[in-house]
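Note that the protein sequences, when read in sequence, are chains A and B.
Going by my numbering, the residue at position 403 of the first sequence is 855; the numbering climbs one at a time, nothing skipped.
Going by my numbering, the residue at position 54 of the second sequence is 421; the numbering climbs one at a time, nothing skipped.
Don't read these hints as lab results, they were simulated from the structure.
Please note that a few of the clues may not be correct.
Below, simulated SDA-like cross-link-like pairs (lysine to any residue); rule was C-alpha separation at most 25 Å, straight line [said to hold, decoys possible]:
(1) K946(A) x E422(B)
(2) K549(A) x M389(B)
(3) K947(A) x T390(B)
(4) K696(A) x E422(B)
(5) K696(A) x V453(B)
(6) K391(B) x F410(B)
(7) K725(A) x N425(B)
(8) K1036(A) x Q423(B)
(9) K391(B) x F912(A)
(10) K460(B) x D808(A)
(11) K426(B) x V908(A)
(12) K391(B) x Y805(A)
(13) K1023(A) x N398(B)
(14) K460(B) x K947(A)
(15) K391(B) x I578(A)
(16) K460(B) x I1032(A)
(17) K426(B) x L1037(A)
(18) K725(A) x E422(B)
(19) K549(A) x G415(B)
(20) K724(A) x E464(B)
(21) K946(A) x L403(B)
(22) K946(A) x V448(B)
(23) K947(A) x T400(B)
(24) K946(A) x K426(B)
(25) K696(A) x Q674(A)
(26) K725(A) x G415(B)
(27) K426(B) x K549(A)
(28) K725(A) x N459(B)
(29) K696(A) x K460(B)
(30) K460(B) x D1031(A)
(31) K391(B) x F467(A)
(32) K391(B) x V738(A)
(33) K549(A) x L419(B)
(34) K460(B) x V738(A)
(35) K1036(A) x K426(B)
(36) K391(B) x K696(A)
(37) K797(A) x D808(A)
(38) K460(B) x L1037(A)
(39) K549(A) x E422(B)
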Amino acid sequence: MDVKTWTYLIVGFTFALYIGIAIWSRAKSTKEFYVAGGNISPISNGMATAADWMSAASFLSMAGIIAFSGYGGSVFLMGWTGGYVLLAFLVAPYLRKYGKFTVPEFIGERFYSKTARLVAVLCLIIVSVTYVIGQMKGVGVAFSRFLETEYETGLFIGMGIVFFYAVLGGMKGITYTQIAQYVVLIFAFTVPAIFISLELTSNPIPQLGLLGNVSDGAPLLQKLDTVITDLGFGQYTNSVMGSKLNMFAFTLSLMIGTAGLPHVIIRFFTVKKVSDARLSAGWALVFIAILYTTAPAVAAMARLNFTKTIQVGAVGKVEGNIEYANRPEWFKNWEKTGLLKHEDKNGDGRIQYYNDSNKEFSEIASGYGWKGNEMVKIDNDIMVLANPEIANLPGWVIALVVAGGLAAALSTAAGLLLAISSSVSHDLLKGILMPEISEKKELRAGRISMIGAIAVAGIFGIYPPDFAAGTVAMAFGLAASSIFPVLIMGIFMKKMNREGAIAGMIAGIGVTLFYVFQHKGIMFIASTSYMGGMEENWFFGIEPKAFGAVGAIVNFIVAFIVSKMTSDPPKEVKELVDDIRLPKLDEA
Amino acid sequence: MSEQEIEITDQSNSLNSDKPAMTKEEYWRKNITCVLSLLAVWFFVSYGCAILFVEQMNKIQIGGSGFGFWMAQQGSIYVFVALIFVYVRLMNKLESEYAGRNMNGNKIQTQGEE
């Protein structure tokens, strides 16, 4: 069978599975719609959280980014896992103890203010909508490349599937589908990694293969360093992203952004008790770590395979570079999508791939008759999808990877859509506009706002706004600078009051947005800017994507100063804080 | 080993009911100490070993590359996982101590509001 048939078969099977789950798990009450009834087991919730969390960005983009940035790319690995430590220690157990449905609801009650709740809803919607656009785009791209449909058709099919289980089942349907999606995506990520690791290092475990030796006896990472430095690139194992301070801020931004993302936090409302929330954060990280420790192995191996596909022999010898006419099949396939582009600058009919911004090496290269790097475009996102093809793996593995990418995108999209729709129906409608609405009507409103959210996400997917390129990173910066600090202060600072929280949120998200917009040109034009030089006008050399950490600090400082100048929170609020801090006696 | 520990917890639970009730301030202080000490490890392995002192760490070799690089791409993640499970354990213990000392008729003492 060819790849396309396999893809139809496997993707079709997974979609049928998701629909089956949707029919079986319809939500009958608001509690089921918002928090899946509140009795999901810690391991199941951990698995669902892992799928909820790992998006198209984790599955498709991350390994590619690491492949081309080496050590510097570690900020994503540490940032997107270390955030779970913060989530487990500082956020999840307390919000579970509070025991209601949404994040803005907590903020509104803790800061005894509808304004605070409204500001939180706005922050949540900005963060989640920017995030969901990327997922929808991922679905469209995967369909168009592998099932050869129009981009829009792929997008509509994806929307239809999410519509089915998210609208019918709410959080309950989403939870069970996410568990299935986790299984699909982790299988799809690790199987090709095992094959490639075996091929390259004869070790079936990619995490060990990363430290293993290649066929000529040299350690993989040393070999990779040699191969790419011979072509003028920086060393893989120690190329810093920007500067140390930038890496520090970037990692911090991703970590606290993770701990402030509403669609992740609400997953912890679905377990039975506080100790389950802690345990389930641990399981979530176990399931995430399986992918996150495999990704750097995939990255290093893909970079080596990719480079050696083009640079087949000694650098500088004519036959060292592959002839364009003899390029492999996968190369041609990706050229069709425009994500991979070759330009024969010196007209020798061969491909030269090297770092032409390295002056020293450029001079040497011109001695070989090379006239610039001919791989004018290599999109990071293709590495994971192209990897099985580069390694000549069988068709079903490639199909599996496509199904995995779709599972990652759909599971995250559903989680985000639920966060959006519950904040509309529960916070805006029930909490602020129509407090006396009945449960039945609220449930219907939840479903309608879910449909609305899917439609908006779809429209943005078809007509991506200019800022779509940097959206996921921006979502993190915004969550880090607005939601995380206010949650921490709400739990750990009993004297933090309404005025402080509102001023802090607005100042934090404001500063971050201002900085991002100020550097919009930099951020949105060159998506790989961190691999080049640092911009001189960046604040202490911190790139816009990493600025959430600074925004969070601003948030804390402003909130602290304002709260010192205004009156203490009322007694009931202090009692609420005491209550969320202490364990329930009959549960412990 | 784990069975033994559970036994100890159970024992301390029944012993605890004889001790005076744990105040909410005491519980909270213990919780904060636990979280801060675990966060110190969290900071050390990621920001310390993998970013700030990565050159020094890279002097130690592991599988053809530096230890700092390995910590950045692998090691820190394993430590994060371990940290959460340690935290789960410590907190469950603290909670059952709190419950043991505060049930059985012991009233929860509250020191005056700060």
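Evaluation of the provided hints:
no.: 1; hint: K946(A) x E422(B); in the structure: 41 Å, violated
no.: 2; hint: K549(A) x M389(B); in the structure: 19 Å, holds
no.: 3; hint: K947(A) x T390(B); in the structure: 20 Å, holds
no.: 4; hint: K696(A) x E422(B); in the structure: 11 Å, holds
no.: 5; hint: K696(A) x V453(B); in the structure: 30 Å, violated
no.: 6; hint: K391(B) x F410(B); in the structure: 28 Å, violated
no.: 7; hint: K725(A) x N425(B); in the structure: 43 Å, violated
no.: 8; hint: K1036(A) x Q423(B); in the structure: 47 Å, violated
no.: 9; hint: K391(B) x F912(A); in the structure: 49 Å, violated
no.: 10; hint: K460(B) x D808(A); in the structure: 59 Å, violated
no.: 11; hint: K426(B) x V908(A); in the structure: 52 Å, violated
no.: 12; hint: K391(B) x Y805(A); in the structure: 64 Å, violated
no.: 13; hint: K1023(A) x N398(B); in the structure: 23 Å, holds
no.: 14; hint: K460(B) x K947(A); in the structure: 29 Å, violated
no.: 15; hint: K391(B) x I578(A); in the structure: 38 Å, violated
no.: 16; hint: K460(B) x I1032(A); in the structure: 18 Å, holds
no.: 17; hint: K426(B) x L1037(A); in the structure: 51 Å, violated
no.: 18; hint: K725(A) x E422(B); in the structure: 44 Å, violated
no.: 19; hint: K549(A) x G415(B); in the structure: 33 Å, violated
no.: 20; hint: K724(A) x E464(B); in the structure: 21 Å, holds
no.: 21; hint: K946(A) x L403(B); in the structure: 18 Å, holds
no.: 22; hint: K946(A) x V448(B); in the structure: 30 Å, violated
no.: 23; hint: K947(A) x T400(B); in the structure: 20 Å, holds
no.: 24; hint: K946(A) x K426(B); in the structure: 46 Å, violated
no.: 25; hint: K696(A) x Q674(A); in the structure: 23 Å, holds
no.: 26; hint: K725(A) x G415(B); in the structure: 34 Å, violated
no.: 27; hint: K426(B) x K549(A); in the structure: 46 Å, violated
no.: 28; hint: K725(A) x N459(B); in the structure: 12 Å, holds
no.: 29; hint: K696(A) x K460(B); in the structure: 39 Å, violated
no.: 30; hint: K460(B) x D1031(A); in the structure: 19 Å, holds
no.: 31; hint: K391(B) x F467(A); in the structure: 50 Å, violated
no.: 32; hint: K391(B) x V738(A); in the structure: 32 Å, violated
no.: 33; hint: K549(A) x L419(B); in the structure: 37 Å, violated
no.: 34; hint: K460(B) x V738(A); in the structure: 22 Å, holds
no.: 35; hint: K1036(A) x K426(B); in the structure: 49 Å, violated
no.: 36; hint: K391(B) x K696(A); in the structure: 41 Å, violated
no.: 37; hint: K797(A) x D808(A); in the structure: 12 Å, holds
no.: 38; hint: K460(B) x L1037(A); in the structure: 13 Å, holds
no.: 39; hint: K549(A) x E422(B); in the structure: 43 Å, violated
The structure shown violates the earlier hints numbered 1, 5, 6, 7, 8, 9, 10, 11, 12, 14, 15, 17, 18, 19, 22, 24, 26, 27, 29, 31, 32, 33, 35, 36 and 39.
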